[in-house]
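Student: Go by the hints and put chain B onto chain A.
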Amino acid sequence: MTTALAGRTAPQDRAARPARPARHRARTVALFLGPFLLLFTALYLAPIGYTLYQSLFRMHRSGLGLSAPTQAFAGLGNYATALGDPAFRGSLLRVLLIGVVQVPVMLLLALVLALLLDAGSTMFKRFFRLAFFLPYALPGVVGAIMWSYLVAPGLSPITAAAHHLGLDLSLTSDGMLGATIGNMLTWGWTGYNMLIIHSALQAIPAELGEAARMDGCSAFGIAWRIKVPMIRPALVLTTVFSIIGTAQLYNEPAILHNVAPNLSSSYTPIYAAYNAVDANDFNLAATESVVLAVLAFALSFGFLKLVQRRGEAL
Amino acid sequence: MSTTTHTRTHTRTHTNTARTARYQASRWLTLGVLLIASVYFLAPVWWLLVASTKTSSGLFAGNGFWFGDFALADNLRDVFTRQGGIYWQWLGNSAVYAVGGAAGSTLISAMAGYALAKYRFRGRELTFNGVLAAVLVPQPLLAVPLYLMFSELHLVNSYWAVLLPSTVSPFGVYLARIYAAASVPDELIEAGRIDGAGEFRIFATIGLRVMSPALVTVFLFQFVAIWTNYLLPVLMLADDHLQPVTVGVVGWQAQRALGPGAPPLNIVVTAAMVSAIPLVVLFLSLQRFWRAGLTAGSVK
Numbered sequence: 001m002t003t004a005l006a007g008r009t010a011p012q013d014r015a016a017r018p019a020r021p022a023r024h025r026a027r028t029v030a031l032f033l034g035p036f037l038l039l040f041t042a043l044y045l046a047p048i049g050y051t052l053y054q055s056l057f058r059m060h061r062s063g064l065g066l067s068a069p070t071q072a073f074a075g076l077g078n079y080a081t082a083l084g085d086p087a088f089r090g091s092l093l094r095v096l097l098i099g100v101v102q103v104p105v106m107l108l109l110a111l112v113l114a115l116l117l118d119a120g121s122t123m124f125k126r127f128f129r130l131a132f133f134l135p136y137a138l139p140g141v142v143g144a145i146m147w148s149y150l151v152a153p154g155l156s157p158i159t160a161a162a163h164h165l166g167l168d169l170s171l172t173s174d175g176m177l178g179a180t181i182g183n184m185l186t187w188g189w190t191g192y193n194m195l196i197i198h199s200a201l202q203a204i205p206a207e208l209g210e211a212a213r214m215d216g217c218s219a220f221g222i223a224w225r226i227k228v229p230m231i232r233p234a235l236v237l238t239t240v241f242s243i244i245g246t247a248q249l250y251n252e253p254a255i256l257h258n259v260a261p262n263l264s265s266s267y268t269p270i271y272a273a274y275n276a277v278d279a280n281d282f283n284l285a286a287t288e289s290v291v292l293a294v295l296a297f298a299l300s301f302g303f304l305k306l307v308q309r310r311g312e313a314l
Numbered sequence: 315m316s317t318t319t320h321t322r323t324h325t326r327t328h329t330n331t332a333r334t335a336r337y338q339a340s341r342w343l344t345l346g347v348l349l350i351a352s353v354y355f356l357a358p359v360w361w362l363l364v365a366s367t368k369t370s371s372g373l374f375a376g377n378g379f380w381f382g383d384f385a386l387a388d389n390l391r392d393v394f395t396r397q398g399g400i401y402w403q404w405l406g407n408s409a410v411y412a413v414g415g416a417a418g419s420t421l422i423s424a425m426a427g428y429a430l431a432k433y434r435f436r437g438r439e440l441t442f443n444g445v446l447a448a449v450l451v452p453q454p455l456l457a458v459p460l461y462l463m464f465s466e467l468h469l470v471n472s473y474w475a476v477l478l479p480s481t482v483s484p485f486g487v488y489l490a491r492i493y494a495a496a497s498v499p500d501e502l503i504e505a506g507r508i509d510g511a512g513e514f515r516i517f518a519t520i521g522l523r524v525m526s527p528a529l530v531t532v533f534l535f536q537f538v539a540i541w542t543n544y545l546l547p548v549l550m551l552a553d554d555h556l557q558p559v560t561v562g563v564v565g566w567q568a569q570r571a572l573g574p575g576a577p578p579l580n581i582v583v584t585a586a587m588v589s590a591i592p593l594v595v596l597f598l599s600l601q602r603f604w605r606a607g608l609t610a611g612s613v614k
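Chains as they are written, first to last, in the working numbering: chain A, 1 to 314; chain B, 315 to 614.
For reference, chain A alone in the conformation it holds in the complex (with noise of 0.2 Å):
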């Protein structure tokens, strides 16, 4: 069996005739990747490298608009431009404080979902799964719009809730704006997360439990010694998605605008970058764009970078 094998075998076949099929292979492998790698260079690297050409230079028109604006180079005065703007460096800001406390309670109410979810006493599972992962079905745009309605002075059932109880509750009040937001990413993206985190938690033995439990470990333990040290990829994982769900942050406070004028137009870096495109300002919205970038890519990496350290330390 293994002799009449041997001779049919991929190794050997290839060392007996290597020169035709390593060419015809070359051919067949830029067939097979060529689309793919065309479309992404196009779509994907050169709009990266024309973002960061635009970020230096900057266009110059003439006093009454009558000959064409020239392009000169700006070296990295746009960036000097787009950092002392202190509407821009407000929303910068603004996302990274909505980041800080929305992500970490997104992230702790998926775990505990999934958690419970994932007991073996817990009843009427799908139903939970179903009934949680909904908001993640309904699109992005959909959900805003029926949020921005639910918020919104004179409709909103919250705020005649809260003045039935004798509150004077508006959630589209400036102070009030950030925690909106960060109600409506919670609601939106938590089931998405809960899944993710629970798909690993189904991958876990059970025998695992099962001896924890035989030794006399309580269910909080461990979910919390057992489980949640063996999900740590989809943490992680979860993590860095969220972060970098937070720096592209537009359709919700674009739509909020709607029915809260007072929401800035330069709330979030994409918001305003996009303002700067309405304002014909391309410069200025691929050197925002440019920033974001680096912020972004700076924070996920660096939250990479920090819990293998500790992986590596455990």
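For the record, the hints were derived by calculation from the structure and aren't laboratory data. The beta carbon of each residue, even a glycine, is placed where N, CA and C say it ideally should be. Heads up, a few of these hints could be off.
Derived Cβ-Cβ restraints for the label pairs, each shown as a range [claimed, not checked]:
| no. | chain 1 | residue 1 | chain 2 | residue 2 | range |
| --- | --- | --- | --- | --- | --- |
| 1 | B | Leu469 | A | Gly84 | 30 to 36 Å |
| 2 | B | Leu440 | A | Leu31 | 33 to 39 Å |
| 3 | A | Met176 | B | Ala495 | 45 to 51 Å |
Tutor: For chain B alone, coordinates are given in the frame of chain A:
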């Protein structure tokens, strides 16, 4: 810890009743927490459903979470006939972008993932690492530079402006590679070669068939990503006859700030609700494939 040692000193029956009581208590506590959470997640959607059945004035009166004057049929008629029935066109555009983009990107991802998994060549690791890094690039960050590039190429305000960027899915390539490496046996490919089949024919007859569950997942993810995308189409498409339904509905909502002639609130709500139905149906009917994709993301 102390409670367990304490109960151990008691007789066996005592231990069991204490355990059962504690077990029952934690069971009810778990159920309570999960119920509260599901109210938080479901109540807003219920509000949306109820609101889409109300008249404009009914929205501002009475209980937001229960039905008033039932005007769903009128609302739907208004949504689908307003501006010469443009809502139909928006839905059609969304379908064109989502089906076209997802089909294109699934085929391209399948080919690339299969090549990365099944052939050895120089630059293979580099390419795959590039794909992985691209998964981490926030898509909206690309939207602004893409708009700038496309406007220089005079591609803005065309179907291609949204379709082309939708055909690239690094996550799809990642998923296709993982799945091809795990499930397409080398022996089968080798057997095909011995039978004299060309490489592309082997891919089309063996590779695609074995990879089909993963490809359904890739298609779904991309379909949903395109259907829900807002920033890219709103930048690219000024002509409202080219816009997908997300951009159209937000456009109606934004008009309301501009005053008379704008669609009333109940129409915006109904339009938003209807635009979500295709996705919710897709999610509920194809749950298996969803979870397959999410699991693949969590076990790197």
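Student: Check each numbered hint from earlier against the structure, then list the numbers of those it violates in ascending order.
Tutor: When the structure is compared with the hints, only number 2 turns out to be violated.
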